[in-house]
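As they're listed, the protein sequences go chains U and X. Sequential numbering of the first sequence, starting at 1, is according to the numbering used here. Sequential numbering of the second sequence, starting at 1, is according to the numbering used here.
Among the hints, a few may not be true.
In the DSSO-like style, the derived pairs of lysine-lysine whose C-alpha atoms are separated by at most 27 Å in a straight line are [stated by the list, open to error]:
(1) K85(U) x K88(X)
(2) K19(U) x K378(X)
(3) K28(U) x K422(X)
(4) K8(U) x K241(X)
(5) K88(X) x K90(U)
(6) K88(X) x K21(U)
(7) K4(U) x K323(X)
(8) K28(U) x K323(X)
(9) K422(X) x K92(U)
In case anyone wonders, no lab produced these hints; they're calculated from the structure.
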Amino acid sequence: MLSKEEVKNIALLARIGIKDKEIDRYRKDLSAILDFFCELESVATDDVEPIGHITGTTGAARADVTVAFGDAGVRDILKNVPELKNGFIKVKSVF
Amino acid sequence: MIRDLHNQLVAGEVTATKLAEQYLRAIEEKDGDIGAYLTTLRTQALEAASLVDARLARGESIDLLAGIPGAIKDNICVAGVRATAGSKILDNYIAPYDATVIEKLKARGAVIVGKTNMDEFAMGSSTESSAYRKTKNPVDTERVPGGSSGGSAAAVAAGEAVWSLGSDTGGSIRQPASFCGLVGLKPTYGRVSRFGLIAMASSLDQIGPFGTSVEDVAIVFSRIAGSDAHDATTAESGNGKPFEDYLTGDIRGLSIGVPKEYFSDTLDPRVRAAADQAIERFKELGATIKEISLPHSIYALAVYYILMPSEVSSNLARFDGIKYGLRVNDAEDSMAGTSTLLETYLDTRRVGFGAEVKRRVMLGTYALSAGYYDAYYKKAQKVRALIRQDFEAAFEDVDLIFSPTTPEPAFRFGEKGDDPLKMYLSDIYTVTANLAGVPAISFPMGTIAEDGKELPLGGQLMGRWFDEETVLRAADAFEKQTAKK
């Protein structure tokens, strides 16, 4: 079973605020799912290469060109920004 | 159905505008109860329809799909239209561009009547985890339509759209198709562009169609398939012949494998009986049935529930309250207690995400974290390679693989409670196709009587990579044979 501290740390890494009263629920749910994964331990995989792309496609190249969205496009994108100031995205200080 | 409507349009028996109005009215009348839609697109639909009518009036030819009303899952971007992905965190998000599949459909004159409900970020098997509304199964409104593309399935099953698009990461097209008595196709990974699809698990996600017949699904699929410079995982394939032209009804000589792992003693005897009957029907059609083994498929669910949340945790990092979507600042009961960027992240994601999304993001974060990566993610990618090898070996022997789509018919609301593992078991037959990347279709194979209702049950056919032709041809032959009975 995951400890309270582990759950708090995972939540912080995941950038999800959780309340103290929720911690036990997450301990239970996440631990049950992690236990379910244990069945993979018995599969012999020492000589197996982990899979990359499933249909075997390797990197695809294309020309590195800018596609202009135009002024209207820029407006459409900025319309979705929660807080703007002078045309810039406003955020809180990092520290 | 699409071909019939197309013929009526060309013969002038109906106009695209009338057709659009008819379906918009059906939405108005039925959707209060069914709950398939999150957004209805009356103006856009009537505009698209009038363009088709104008072409017809000029005596020009139109595409098979032109003027035929369809619905789009709300995690696929349509320019200028809200795209929520079923989440409150994208409540006010207006897509600034068309997904590639939408661009392609619009170019053919398709009429989009609305955006459909879904489990939040496509995480769920019942559409119950939508942040917006409950979607009912039109066959029995006491039951779920399946998920995560439950709205797209319900819209077609209720006659509120002729066709629809969903997305399938672990069964999210096939399971609702099975529950609602429809045909649903998950294409080969890389067959359909994911550009403009709000990503869940990028190595598993594919967009695919729903319809009331295999031909309808083939018609829509032909029009969305193909490589795309905006999605580097797409591949050029096929010879350009439309998939609907492969539906000959003839499957003599095809070899269909039945994996013994999918027919364990715990399988519901009613589902087994329906599957046995379907196998008999394939034999009547001249196909050879062979028992095969996919030995690693018993690990598929565990592999899936490691890889998918890992990719989810990475993909959903973008929903941070900065560039778009919900931002929660200075929440009353703020967690962090400081006025920093970290607080914006923590509060926005705490308020904006639902329970299942948080669970999966946290699970994935844990699986990818230092010290656990090898034990979980890397191990799962190795077992995934073994699952793929199982399929490679099987397809040397057989052309298709048959199984039930789901271990049970549609369940009741709340029946799976809030036990995540119980809900995850709904995906047991469908996740392997996503892990192996192969195409898979669900088609109606029978019904199970419960509470005086005939609940539909889907059969699943999986095919070789990029061999949708054979998958569609066999499902179509089955459908035609069933219609004769």
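Taking the hints in turn, this is what the structure says about them:
{"no.": "1", "hint": "K85(U) x K88(X)", "in the structure": "holds, 24 Å"}
{"no.": "2", "hint": "K19(U) x K378(X)", "in the structure": "violated, 31 Å"}
{"no.": "3", "hint": "K28(U) x K422(X)", "in the structure": "holds, 14 Å"}
{"no.": "4", "hint": "K8(U) x K241(X)", "in the structure": "violated, 55 Å"}
{"no.": "5", "hint": "K88(X) x K90(U)", "in the structure": "holds, 21 Å"}
{"no.": "6", "hint": "K88(X) x K21(U)", "in the structure": "holds, 23 Å"}
{"no.": "7", "hint": "K4(U) x K323(X)", "in the structure": "violated, 32 Å"}
{"no.": "8", "hint": "K28(U) x K323(X)", "in the structure": "violated, 34 Å"}
{"no.": "9", "hint": "K422(X) x K92(U)", "in the structure": "violated, 41 Å"}
Going through the hint list in order, the structure does not satisfy hints 2, 4, 7, 8 and 9.
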